[in-house]
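If you want the building blocks of each chain, they are given just below.
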Amino acid sequence: MKARTASLLLMAPALLLLAAVFLYPLLLYGWLSFQASSVLTGLEPVPNGGANWGRLLDDARFWTDAFQTLRFAVCSVALELVGGLGLALLLHRPLRGRGTLRALTLLPWALPTTVMALGWRWILNDPHGPLNAAIRFLGGSSYGFLSTPATTWFFVVLADVWKTLPFVGLLLLAGLQTIPEDLEEALRLEGAGRLQILRRLTLPLLVPYLALAVLFRLAQALGVFDLIQVLSGGGPAGSTESLALYAYLNAMRFLDFGYAATVMLATFLLLLVLVGGSWWLWRRGDLQGRREGAA
Amino acid sequence: MRLLVLLWSLGPLLWQLRTSLLRPEALLAPLLEGNPWTLANYRLVLSGDPPFWRYLGNSTLVALATTVLTLLLAVPCAYGLQQQRGLLRWGVGLGLVAAAMVPTVLLFLALLEIARRFDLANDLFALSLPYAGLSLPLAVLLLRAAFGDLPAELEDAARLEGLGLGQRLRHVLLPLMGPALASTGILVFLASWNEYAIALTWISRNDLLTLPIAIARIGGGSVFTIPYGAFAAATVMGSLPLLLLVLLAQRPIVSGLTRGAVKG
Amino acid sequence: MAARPPFSSLRRWRSLPKLLTTGLLALLSATVLLVLLPASGLSSSGMSASPVAAADPVTVRVLMPAPLADAVAAPVAQFNASSPGVVLEVIRGPLDTETISDLATGSLLLGEVPFDLLLVDVSWLARYVAAGWFEPLERWFGPEVLAAMEAGARLGNGLDGHLWRMPLTGDTGLLYWRTDLMERPPRDTEELVAISRDLQRRGRVRWGYLWQGRQYEGLSCVMVEVLHGFGARWWNGSTARTELDSPEAVAAAQWLAALLQDGVSPQAVASYAENDALQSFAAGDAAFLRNWPYAWREIEKGGGPVKGKVGVTAMVGAPGEQGGGTLGTWGLSLIKGSPHPEEAVAAIRWLTGPVVQRQLAIEQGYAPTWSTLYDDPDLQRRAPLLTVQRQALQHPQLRPPTPAYAQLSDLLARQVNGMLTGQGGSGSTMAAAQRQSLQVLRSLAGPAGDTADGRPAVDR
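Residue numbers (this note's numbering), protein chains in the order written: chain Y, 124 to 418; chain U, 2 to 265; chain W, 179 to 638.
Calculated from the structure, these hints are not laboratory results. Just so it is clear, CB atoms sit at the ideal spot from N, CA and C, and this is done for glycine as well. It cannot be assumed that every hint is accurate.
What the hints assert, rightly or not - So, partial list: chain U residues that the calculated Cβ filter (under 8 Å) puts toward chain Y: (1) Thr20; (2) Leu74; (3) Asn207; (4) Leu248.
To be verified - Stretch-level coverage of chain Y by chain U, calculated; a stretch enters the list once three of its residues show a Cβ under 8 Å from a Cβ in chain U: (5) 128–138; (6) 192–200; (7) 349–362; (8) 381–393.
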């Protein structure tokens, strides 16, 4: 089996790096979450039983952040799906200048998150930013968007949607392009309206792509970090703080590595449950649908 | 409809451009007299210490190194994976998909530990190592799909001719993979440029900062005076390289993402 | 596809295993090269160590928040002019206390520190010391040097018998009162509330007492003062534990809650930071304000309705208890491993010396540390807060001097802010704070957290 071993050898260096970058952290966190490794132990690990996990369960900040992160992820992904679908449908139609349009709508996704986060801070600035200027022009009074939890959160979601919508749109566009045109033609000849075609043909065939987009984006959104750190700093008063930011603060500000590892592991588990659960639900629904379709 | 979409996508960017060209006084209230436009913000940003283009250079350096390293590792891996059958292929594939979904920031503590232990901090080349690792899942998946697209007979013919693996790769397969390599490379380049958490913890020296970190620091360092004109100039300058890249290379990017979606 | 040229011409090449091994070797060496490549000419510049001749001036770098950096710019220039061979360079850091700490921590963790001196806030000292990043200073600043300082200013600089920080300022929290609304300041908390309510009833003022109730470090400073004022304490140094559930502590929290319930303080206090409270007070909305010394200068400079009508006094406690303001001082620490400790210490001596402190007192309102400065009649004239600040330095209160302070502060501020926004009573709030604090200590220190004194397990 020379070819077999050869191909394994070819994979080895990459797999090694992957193990170092993905596997090692998980193992390290698992071990570290049962150690006290903080400034109080001279940054050396000292076993402390389950004290970190006990603390996590009673940690109001962790659970608040978990809820906030989840809420952010769900809202953001939902909006991206709807918007992305709209964008994909728009780009699917034979328009003039479609290529340029596609390129231009891709721009937000290409920018580093922090670059535009700074831009959003200015746009929302009270009282000099353009948004407040527009409000004042329309007769209202300027508002501190980033000093109220509700509006800050709204704009964090908006900024995230703005950036990743093109990515989702492209994904869905790829899916749209696999739908055979004759099927669409057939339906149109039957007299089906645009919405009906969407419902009966497009969406069902698009499900695998929608699922892929959802799973991928959900996982990424649960780890939101740079957007929040630059746009809101987790504020006001921690109302937009995400789990990743909390883990980061525990390590880099409080110098508490044991607990930081615990928080990150807990976030991983949350991710696993959520994404795994969604995937399992989708598979079940998919299989069920196929069984029904076959019946 | 199209106009709305364009406004949504480009609006914030164009506003940043406008802000960067205005004088500080003009930002606070509409100027009644004099020319509000100025290039002073750009001069301010460029004359900083270190000058702004240094950050762009740092990011480019890391991104290039990452792209090269990733492709060097991903091509053999994708090829090897394509040759596998059964459980190993499925398992590794699933593992790669799972890895591709992990948010980078959750890995930073372990990677920081590695940086401290092996003294890899504050070195732009060393930074490309974890970056390559983080880009590998996507790269391998995309390249495996591309390898799979190639007709099997081509390689079989080459094998029959007696060509070794290296020769087959070099002279037959890789030339055909050109577009796939390009799009994968560009996607890796973009991802590396965008990365924040690892660079944040691995680089502390002022002159070695990558762009996202530099921008975040500029924004976080605000005192009572709010030099938003300068921020905007920094934002515009930070955006330009990638914007250009995307505009010029949008075809390979789109095809890369598309292929990934279709095969994923 | 077009016909490909025949492959036979390539049969000359070596066989597979050899190619694979050379390929892997090349990859391995490339990786090793990348890893071991020190800060090369491409990836670094400017900061490379060039051979320094004996005559070249030594550069000492100090990291400071931007406002303080600007404030000491003139003295720094003076130092550089008068000391050949040493160049003092001030690195302007971000304004926000937490941000500058994060910046320093990031560098210190990686072991590559671009500065020799750090301006340290009193609340971080224990954490940095426990991490082993500072060099003890008692070698250069012995007890006779410290004896020349006000007793209160000596606090917060030493731990475990070593001096880790030379203080630059002696600021404490202060109570501001309206001279046009009352003849003399209140002597305790009950008088404060009584006067407030009276003034409010008579319509002279909208609110009684403004302070910082937002969920952040400022609230912890307020808590320190209130806890002490009611005879409670946050941290027990001998047991290295918190004591937040004592009856006195609950009474302290209850007093704060009552301020909002009874309308002496507005609901908005629960979202106030220093500047918000100051703005409202400076607009004439309230009779009392709790803030730092800088607020005085802001009020006088701002020229608003209360300019010239504001008095300052030391923080009050409950009847029968001694009040005390939270110590909020900055000081200079020497980074361990600095290549030029002697020159750096010379810089510390200058920057924390009387000349610089005098200027800071006059121009910025910071409280000095040296007793001679407090005795100086000229300075007393030009820095109006001097007498009050000296009085406040008789009973300053320290925040818990434990490396775990940041976490403890965060959870107490979270709990108390929840209480202020109506999410719980004072009893349950303090009980929860105490329980969570103990969990944090146990999680941070391992089994040692249950019994020992909270000091680092490894003696550095």
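Honestly, which of those hints from before does the structure not fit? Those not satisfied are hints 3, 6.
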